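Using my numbering, you'd call the opening residue of the sequence shown number 1 and step up by one each time.
Read the hints as simulated data drawn from the structure, not as lab findings.
It is possible that part of the hints are untrue.
Pairs of lysine-lysine residues, derived as DSSO-like cross-links and limited to a Cα-Cα distance of at most 30 angstroms, are as follows [said to hold, decoys possible]: (1) 140 <-> 328; (2) 148 <-> 173; (3) 353 <-> 328; (4) 189 <-> 162; (5) 155 <-> 189; (6) 353 <-> 326; (7) 267 <-> 352; (8) 69 <-> 140; (9) 69 <-> 174; (10) 173 <-> 326; (11) 174 <-> 148; (12) 353 <-> 189; (13) 344 <-> 267; (14) 189 <-> 69; (15) 155 <-> 174; (16) 174 <-> 162; (17) 267 <-> 148.
If you anchor each label on the Cβ, the simulated ranges turn out as follows [said to hold, decoys possible]: (18) 278 <-> 116: 25 to 31 angstroms; (19) 349 <-> 83: 16 to 22 angstroms; (20) 99 <-> 347: 38 to 44 angstroms; (21) 152 <-> 196: 44 to 50 angstroms; (22) 213 <-> 187: 21 to 27 angstroms.
Values in this document were obtained by computation on a predicted structure and should not be read as measured data.
The C-beta atom is built at its ideal place from N, Cα and C for all residues, glycine as well.
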Amino acid sequence: MNYCKIVYKYNVKSLFNNVRTFSIASHSTTDMRTQNPVQYNKNILRKTILPLPEFKSSRRNFSIDGVVKWQEQTYQSISSSSLVSYLQDGLLHFHEATGFTWSATIITTTIVIRALMTLPLSVYQNYILAKVENISLELKELVNELRKETSIAKKMYNLSDKQAALLYRRSMKKQWRLLIERDNCHPLKATMLIWFQIPIWVCMSFAIRNLVNMYPPDPSAVITLMELQTGGFGWIPNLTVPDQSLILPITFGLVNLTIIEIQRMSKLREPSRLHNIFTNVFRGFSVLMVPVAAAVPSCLCLYWTTSSLFGLAQNLCLLSPSLRRKLKIPEAPSELEDPYRHMKEEISLRIKKVLPKGSS
């Protein structure tokens, strides 16, 4: 049988579109050439049946369209989520019930939400952290006793150094677990504030943004937008545009930096290297948020600034030893007797380091 007919019958031309099939077909033609060289006609195959295959790269090119589409879908899903809808409806009902301007509505609702939700969680966080600090000191007192028990067990059971170290670590973990169960103060409970505060902050931001974007679109959304355009205050009469004076964005950044420095100065002990790394990361994030706050509508920046100011006042109040005792927060070794005077001295020392020597 003529080889050209065989090629036509099995449609080798279509198989050459695949790279792997092409390699197999090339081997088959070589075998056919050696078995029946007379019937093999290279010119016919080259001109009529065997065009050169076109190789296509299988590497996928990165497309920015996919990223943009994913961002739009994520934004849309959060904007239409149940929690965002509840907060948005709450803002509208509070505005209608009180008759406040939209600037006063945003400030008041921010204070109410933080006072009812994040403030109790912050008190609970301080309560847990104080207990954890106390049981850490109690565990240190048990270290010598555990070491003695480990050395006795090592001699009695002829343990190696590695086995003795493993026994010591297990004993430490067991004692730590017993102390935590006794005082019911697992350190993970101190993270509850973060898991509540961040979602509320994000969803509230989306709720305010929906008001500006008239989402969901209906006649009442147009009225709300018009009220936002005239419900500002002072230098910001229109809440739907960014703050051109940059007063709110800069205030927002400075307040966040102040909170970070207060938390750092309120500790007597020297911060660890990891603590310093996180502090610098939060400082950088606070600075980076300033241009973001300058680009968003001023009603959103007003919410962020009000929330940060509440957080600043909350941190200052929870430093007071007398208030901590009233809130049933146990006394801890790191607690300052006069935290406000201590911070004043720390600020004075920092100012002296920054200013030239002859200027003070």
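Does the structure keep residue 344 and residue 267 at a Cα separation of 30 angstroms or less?
-> holds (14 angstroms)
For the pair we were handed, residue 148 and residue 173, check the Cα-Cα distance against 30 angstroms.
-> holds (16 angstroms)
Pairwise hint evaluation, residue 352 against residue 267, where the allowed Cα distance is 30 angstroms at most | holds (20 angstroms)
Take the C-alpha atoms of residue 353 and residue 189, compute the straight-line distance between them, and say whether it is at most 30 angstroms.
-> violated (39 angstroms)
Within 16 to 22 angstroms or not, the Cβ separation of residue 349 and residue 83?
-> Once the Cβ atoms are compared, 45 angstroms apart, the range 16 to 22 angstroms for residue 83 and residue 349 is violated.
Taking only the CA atoms, is the gap from residue 155 to residue 189 under or equal to 30 angstroms?
-> The given pair, whose Cα atoms are some 40 angstroms apart, is violated under the 30 angstroms limit.
Residue 353 paired with residue 326 [C-alpha distance capped at 30 angstroms] | Violated, at roughly 38 angstroms.
Between residue 174 and residue 162, does the CA-CA distance stay at or below 30 angstroms?
-> holds (18 angstroms)
Distance restraint between residue 173 and residue 326, which requires alpha-carbon spacing of 30 angstroms or less = violated (33 angstroms)
Verify the proposed pairing of residue 174 with residue 148, using a straight-line Cα cut of 30 angstroms.
-> holds (16 angstroms)
Per the hint of 38 to 44 angstroms, is the separation of the Cβ atoms of residue 99 and residue 347 within bounds?
-> holds (42 angstroms)
Falls inside 25 to 31 angstroms, the C-beta gap from residue 278 to residue 116?
-> Because 28 angstroms falls inside the window, the suggested range holds.
In this structure, the earlier hints numbered 3, 4, 5, 6, 8, 9, 10, 12, 14, 17, 19 and 22 are contradicted, and the remaining ones agree with it.
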